Amino acid sequence: MTEILLASILTDNLALSFFLGICTFLAVSQRISTALGLGFAVIVVQGVTVPVNALIHTFLLAPGALHWAGLPEIDLSFLRIIVFIGVIAAMVQLMELLLDRFVPALHRALGVFLPLITVNCAILGGSLFMVERRYDPLEAVIWGIGSGIGWALAIVAFAAIRERLRHADMPEGLRGLGGAFIVTGLMSLGFSGFGGLVP
Amino acid sequence: MIGVLAGVVLLVTLVLALSAALMMARRRLVPDLPIAVTVNDHAPFESRFGTDLLGALAAHDILLPAACGGAGTCGQCRVRVRGEPVAPMPAERARLSRAERRAGMHLACQLRLRGPVAVELPESILGARGFDCTLLRARFLTPLIRELVLEAPPDVAASVRAGAFVSLTAPPHDFGFDAIEVPERFAEDWSELQGLRAVTTAPATRAYSIASTPADLAQGHFVLLIRLALQPPDRPRLPPGVVSSWLFHVEKGTRITANGPHGDFRAQTGTREMVLIGGGVGMAPLRAIIHERLEQGAPQPISFWYGARRRDDLFYVEEFAALARRYPNFRFEVALSDPRPDEPWDGQTGFVHAALRDGLLRDHAAPETCDYYLCGPPLMIAAVMGALDEAGVPPSRIFFDDFGS
Chain A
1 MTEILLASIL TDNLALSFFL GICTFLAVSQ RISTALGLGF AVIVVQGVTV PVNALIHTFL
61 LAPGALHWAG LPEIDLSFLR IIVFIGVIAA MVQLMELLLD RFVPALHRAL GVFLPLITVN
121 CAILGGSLFM VERRYDPLEA VIWGIGSGIG WALAIVAFAA IRERLRHADM PEGLRGLGGA
181 FIVTGLMSLG FSGFGGLVP
Chain B
200 MIGVLAGVVL LVTLVLALSA ALMMARRRLV PDLPIAVTVN DHAPFESRFG TDLLGALAAH
260 DILLPAACGG AGTCGQCRVR VRGEPVAPMP AERARLSRAE RRAGMHLACQ LRLRGPVAVE
320 LPESILGARG FDCTLLRARF LTPLIRELVL EAPPDVAASV RAGAFVSLTA PPHDFGFDAI
380 EVPERFAEDW SELQGLRAVT TAPATRAYSI ASTPADLAQG HFVLLIRLAL QPPDRPRLPP
440 GVVSSWLFHV EKGTRITANG PHGDFRAQTG TREMVLIGGG VGMAPLRAII HERLEQGAPQ
500 PISFWYGARR RDDLFYVEEF AALARRYPNF RFEVALSDPR PDEPWDGQTG FVHAALRDGL
560 LRDHAAPETC DYYLCGPPLM IAAVMGALDE AGVPPSRIFF DDFGS
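Heads up: the sequence lines are chains A and B, in that order. Mapping of the first sequence onto the working numbering: position 129 corresponds to residue 129, and the numbering continues sequentially without gaps. Positions in the second sequence are counted from 1; adding 199 to them yields the working numbering.
Just so you know, these hints were derived from the structure itself, not from any lab. All figures in this text were calculated on a predicted structure; none of them were measured in a lab. Don't take every hint at face value.
[Unchecked claim] Examples of chain A residues lying across from chain B (beta carbon under 7 Å, computed):
{"#": "1", "residue": "Ser-77"}
{"#": "2", "residue": "Arg-80"}
{"#": "3", "residue": "Val-112"}
[What the hints assert, rightly or not] Going by beta-carbon spacing under 7 Å, a handful of chain B positions derived as facing chain A:
{"#": "4", "residue": "Met-200"}
{"#": "5", "residue": "Gly-202"}
{"#": "6", "residue": "Gly-206"}
{"#": "7", "residue": "Leu-217"}
{"#": "8", "residue": "Leu-221"}
{"#": "9", "residue": "Met-222"}
{"#": "10", "residue": "Pro-230"}
{"#": "11", "residue": "Pro-284"}
{"#": "12", "residue": "Ala-286"}
{"#": "13", "residue": "Ala-293"}
Heads up, the beta-carbon is just placed ideally off N, CA and C, and yes, glycines get one too.
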């Protein structure tokens, strides 16, 4: 369990080890406060969708999963992308409703990037990795929340660096996105240092 | 076969379950409740949960100026919210100063109704209302500026003070620029524009300053100067302005939906010397102010400095020259920044801020005692502000209308 948690946050960090969800990572990292908000949204979405998808996969989609319904030879695992995306889309819409109702300023600040979580590769990636690595539903809870925390950690740290870089004396051509790409690379190098942490 | 069936059943059930869950969440989170809105000390009126305040007020015939149409970019629809402070939206952080936000100021377009709300507005805004006007006549003044004369209801015209603006609404439309009738002398300027199209599927509203003289207003006529909003040269893919394109296309007799009058750009009372500086359609409110003050018999010196690029961009020149002959305290100066070699021009050349500096500020005994009225493109305003700052004019003596840009 601890290994899965550590792996999901540090060694297998979705943003900095697999470069998933980099579009949002680059676009919503201008301010720490917005990055925190998005990070929190991703933790919730990831923490709910991965376990729900794990349950659906274990009891409905996997080969032999329909054993309980008396259909042991049926394999619906080819449906997993459309099913996972459906669950993620519903979850993101719910998230949008909640934020608009209770934290409207954050809802406005995230703008189009909030609905775009639906097709964020980090979110779908979290569910697909769960299947590939054959996590059971309990492990999926840990992996889902952990990978959400890992992505949030990465974007908040990145936003903090970018806030400071705004006042740094950078060469003209590297201001903005150029510098952001370099920082992403350096952070990724840093995270690769966690490599030996989990056996 | 049974596998396909199981897959279909599974997908359909899942989609139905997810939709049902979302609909239930929506019912709880966005309830269709009535919300009471109180303006100043008037009796509250009812609006619906989740509407934005700008729309709620408009539905109640309280029309706040909003040149951007509620996008949160013009910063004109300001209201003060009474009671509990509300967290500011990102657009409000950008448009309102810290002191304003502390005082409870908000942009009405950004405020969504989630509970009873009480707001404060200047009573004068409550006087602005929606009305229809009719296009009496229109003519081209320069290649890209069209003068419209609208017949407005007499009571609306009577409530207009020089410097005010009205908002005009264009209905959904779709036409090619080749349908716009251009006079022969400007045909050359328009040859490149023929291929453009103006398209919108929703009504759009933009603000235009009223250039009417007191005599125009007495007849109930609004004179508006419309500049065709074209894409900047570095962004040739952007479509032309929705409302200005339509206003170049409208024909005599068309009914136009409007609301107003709005704005607090107007002549100060007192007898300080007045210096008015304008460019392009910035002419509009300045023309209204100059005519109003001169006809009221203002005793102080009044000068009007107008900047344009070339001869073709000049208009109303004869009118102001006549005013200068009639009123000894009125002075009119024009500077062309880029006159064509083939057109005769014996007036001043250069930018208007330079003309103002050399022609007035440099030799004026006390430039800080005059009132300055600026209206024109943002670059011109910035240059004039620079020249005034150099001459030691405090910002409190400078009044400008930058069209909310």
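Quiz item: Against chain B, is A/Val-112 within 7 Å by beta-carbon distance?
Solution: Violated, because the Cβ-Cβ distance from A/Val-112 to chain B comes to roughly 13 Å (cut-off 7 Å).
Quiz prompt | Hint validity - A/Arg-80 Cβ closer than 7 Å to any chain B Cβ | solution = violated (11 Å)
Quiz item: How about B/Met-222: closest beta carbon in chain A under 7 Å, or not?
Solution: violated (10 Å)
Quiz item: Minimum Cβ distance from A/Ser-77 to chain B below 7 Å?
Solution: violated (10 Å)
Exercise. Would you check whether B/Gly-202 satisfies its interface hint, that is, whether its CB is within less than 7 Å of any CB in chain A?
Key: holds (5 Å)
Quiz item: How about B/Met-200: closest beta carbon in chain A under 7 Å, or not?
Solution: violated (11 Å)
Practice problem: May I ask you to test the interface hint for B/Leu-221 with respect to chain A, counting a Cβ-Cβ separation under 7 Å as satisfied? | Solution: holds (6 Å)
Self-check item: Given hint B/Pro-284 near chain A, where the shortest CB pair must fall under 7 Å
Solution: At 12 Å from the nearest chain A Cβ, B/Pro-284 fails the 7 Å test, so the hint is violated.
Quiz item: Does the interface hint hold: is B/Pro-230 within less than 7 Å of chain A, judged Cβ to Cβ?
Solution: violated (10 Å)
Exercise. Answer holds if the nearest beta-carbon of chain A is closer than 7 Å to that of B/Ala-293; otherwise answer violated.
Key: Violated. Min distance 11 Å.
Exercise. Please verify that hint: B/Gly-206, Cβ, nearest Cβ of chain A, below 7 Å or not.
Key: Holds - the Cβ of B/Gly-206 comes within 7 Å of chain A, reaching about 5 Å at its closest.
Self-check item: Hint check, B/Ala-286 versus chain A [nearest Cβ-Cβ separation less than 7 Å]
Solution: holds (5 Å)
This entry does not satisfy hints 1, 2, 3, 4, 9, 10, 11 and 13, going by the numbered hints stated previously.
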